[in-house]
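For the protein sequence lines, the chains are V and X, in the order given.
The letter at position 196 of the first sequence is residue 196 when you use my numbering, and the numbering goes up by one with no holes.
Add 1000 to a position in the second sequence, counting from 1, and you land on the number used in my numbering.
These are computed hints drawn from the structure, not numbers from a lab.
A few of these clues could be false.
Interface residues of chain V toward chain X, partial, derived using beta-carbon atoms under 7 Å [stated by the list, open to error]: (1) Ala18; (2) Pro31; (3) Leu150.
Even for Gly, the Cβ is constructed at its ideal location relative to N, Cα and C.
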Amino acid sequence: MINYIIRRLLFFIPLLLAVSFIGFVCINLAPGNYFDSLKQNPQVSQDTIRLYEQKYHLDQNVFTQYYYWLVNISKLDFGYSFAYKIPVFEVLKSRMFNTFILSLSVLLFSWLIAIPLGIYCAVNQYKFTDKLFSFFSFIGLSIPSFFFALLLLYFASLTGILPAGGMHSLNYEAFSPLGKFLDLLKHLIIPTLVIGTSSIAGLQRLMRGNMLEVLRAQYITTARAKGLPEYRVIYLHAVRNAINPMVTIFGGSLAGLLSGAALTEIICNWPGLGRLMLDAVMSQDLFLFAGDLLMISFLLILGYLIADIVLAWVDPRIQYQ
Amino acid sequence: MKKSYSQLGKGIRKLKKHGLAMVAFWVLVGLYLSAIFAGFIAPYHYDNEQRSLSYASPTKVHVIDQAGKFSWPFVHKVSQKFDQFYNRIYVEDKTEKYPLRFLAKGDSYYILGMLKANRHLFGVDSQARIYFWGADSRGRDLFSRIFYGGQVSLSIGLVGVTISLFLGLFFGGISGYFKGKTDTLIMRICEIIMMIPGFYLMLSLRSIFSYSLSSLQLYFVIVCIMSFIGWPGLARVVRGMALSLREREFVLAARALGVSDIKIIWQHIIPHSFSYLIVAASLSIPGYILGESALSLLGLGIQDPYASWGNLLSESMAVSQLKFHPWILIPGAFIFITVMAFNLLGDGLRDVFDPKMDIGRKF
Chain V
1 MINYIIRRLL FFIPLLLAVS FIGFVCINLA PGNYFDSLKQ NPQVSQDTIR LYEQKYHLDQ
61 NVFTQYYYWL VNISKLDFGY SFAYKIPVFE VLKSRMFNTF ILSLSVLLFS WLIAIPLGIY
121 CAVNQYKFTD KLFSFFSFIG LSIPSFFFAL LLLYFASLTG ILPAGGMHSL NYEAFSPLGK
181 FLDLLKHLII PTLVIGTSSI AGLQRLMRGN MLEVLRAQYI TTARAKGLPE YRVIYLHAVR
241 NAINPMVTIF GGSLAGLLSG AALTEIICNW PGLGRLMLDA VMSQDLFLFA GDLLMISFLL
301 ILGYLIADIV LAWVDPRIQY Q
Chain X
1001 MKKSYSQLGK GIRKLKKHGL AMVAFWVLVG LYLSAIFAGF IAPYHYDNEQ RSLSYASPTK
1061 VHVIDQAGKF SWPFVHKVSQ KFDQFYNRIY VEDKTEKYPL RFLAKGDSYY ILGMLKANRH
1121 LFGVDSQARI YFWGADSRGR DLFSRIFYGG QVSLSIGLVG VTISLFLGLF FGGISGYFKG
1181 KTDTLIMRIC EIIMMIPGFY LMLSLRSIFS YSLSSLQLYF VIVCIMSFIG WPGLARVVRG
1241 MALSLREREF VLAARALGVS DIKIIWQHII PHSFSYLIVA ASLSIPGYIL GESALSLLGL
1301 GIQDPYASWG NLLSESMAVS QLKFHPWILI PGAFIFITVM AFNLLGDGLR DVFDPKMDIG
1361 RKF
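Working from the sequences, and respecting the hints, build out all of it.
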């Protein structure tokens, strides 16, 4: 098993390199860089700028810059954020944690609702509730995340039940540990609902389809013929087999999840990697940009890896060798 | 070729029986027509502003006058005042009536970019203003700007998907037909592009281009970015088709007759994967519309004074504004309806063209 994980990890390294290189090239192709605005600032001397440029090899070509950046990464030095005036790693640490919390909450929310819903709809195929849920999932798939987020924020601001954006209340520091946790949960509701709705819709449809296919299989007929009670047929035989393709989907759905999370983060003012990316692009903060892209790819790969491991665990037919 | 044509005809006949898909189709036809004739439908030009009417609420159209009698629909002139809490309110001047006029004269515009005209579907005399869906921060008519915005938002989907289709056909066709190293190379590139979360890729690509571009340039930049993100998905569809088609007898026959590879791809393989492509394309159009909206929403896309649905929605990013002027959310509803219509149409098309679904329905 460990062998298998290591092999999967090795497979992901070229991907990480490719993604970060694309990011590096993009920001280097951009007209101007952060120093252009720094040079306008009379408080910053030309020598300081030259020092920075030399330290990070910014006066050389893309490939050299990329090479030195990689060398530094191996020492856990992600470079210096010119906009935030602190090492990039410091900025990324907290942001990555925030994005991770949000993604985790969305994953839990959507999977815990979508899977039972899909099973229920498949078992009650073509009945009223099935049609109703199918209709809702269609709306969920079609509603743009930013529009849904704005709608929810509008209602939050009207009713005042939920906080309209942000991650913590103003007096967060004064809360007890439990209060802090509840405060965080309260702030999580809107972004989770927004990102979760579209993924629930998609997952519910897939699960329903898988279940319907499995329910037609001959071993289900056999199970029923044996005289097993219906709940055992469905939960032990059908669901167990219908869930395998869903685990495969898990890895693939992560890119979409993180992408949707980024936009929602920006609208809901959630201080995560997506928001940071926008700031980095706007201020042309080279190392922040590259570091952010690397971190998001890292989260993605972590997800793929978990999906692979879970799939190997759920489906005993998969060989590690 | 003749057979595939009749298949298309059969498909269209089947689609006509698909109720929901047809509704979606006519909704889309309506939206595109409204975008083409935006100048006529909109009572004002997209840049016609009156700053004293910033965030004016939707104009009330009255049918009962002061004397309590029914009359032709009319509006009152509106002016800005402050209430005792210094909130901005708009009061109607009830002394004068401004009747709603059809085919009223107003700002000049070009029909289809050629014919100059100044008649609008409806309007009121220029002393008063009619803001069906309220005004934005600069006192411009949201109703007018939404239809002008549709020109950008709706066309980007079609233009983007066309470019992606060409790229996808080209690379997917080559990849599937030649197999081997070319295939591996192209498919790895596709996989890398598809693996990067779309939003991050979009921002990275957007960062290449300057922020101070003209609107036409920006339009093309957005189209290019969206097509670049979109082509790998279509290329994979084409590749899959090409891989299975290249072993079929008619392709072998063409090759035996000495037809060149490029000609085989364009004349034999691509026409046969057309129905799949139509489905894939119609299902991917919402992605382009959403991408443009997201970029414009963040201020990286279409810039003021030009309108696009995302750009119009960006005013509602400030929740404090949204609370008092909820009508600035209306452009979002248009995006929602468009995306939903394309999804429904795509689903219908898939039911019609996908033989696998046909088998599924027999159970």
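For each hint, the structure was consulted:
no. : hint   : verdict
1   : Ala18  : holds (5 Å)
2   : Pro31  : holds (5 Å)
3   : Leu150 : holds (5 Å)
Violated hints for the displayed structure: none, as all numbered hints are satisfied.
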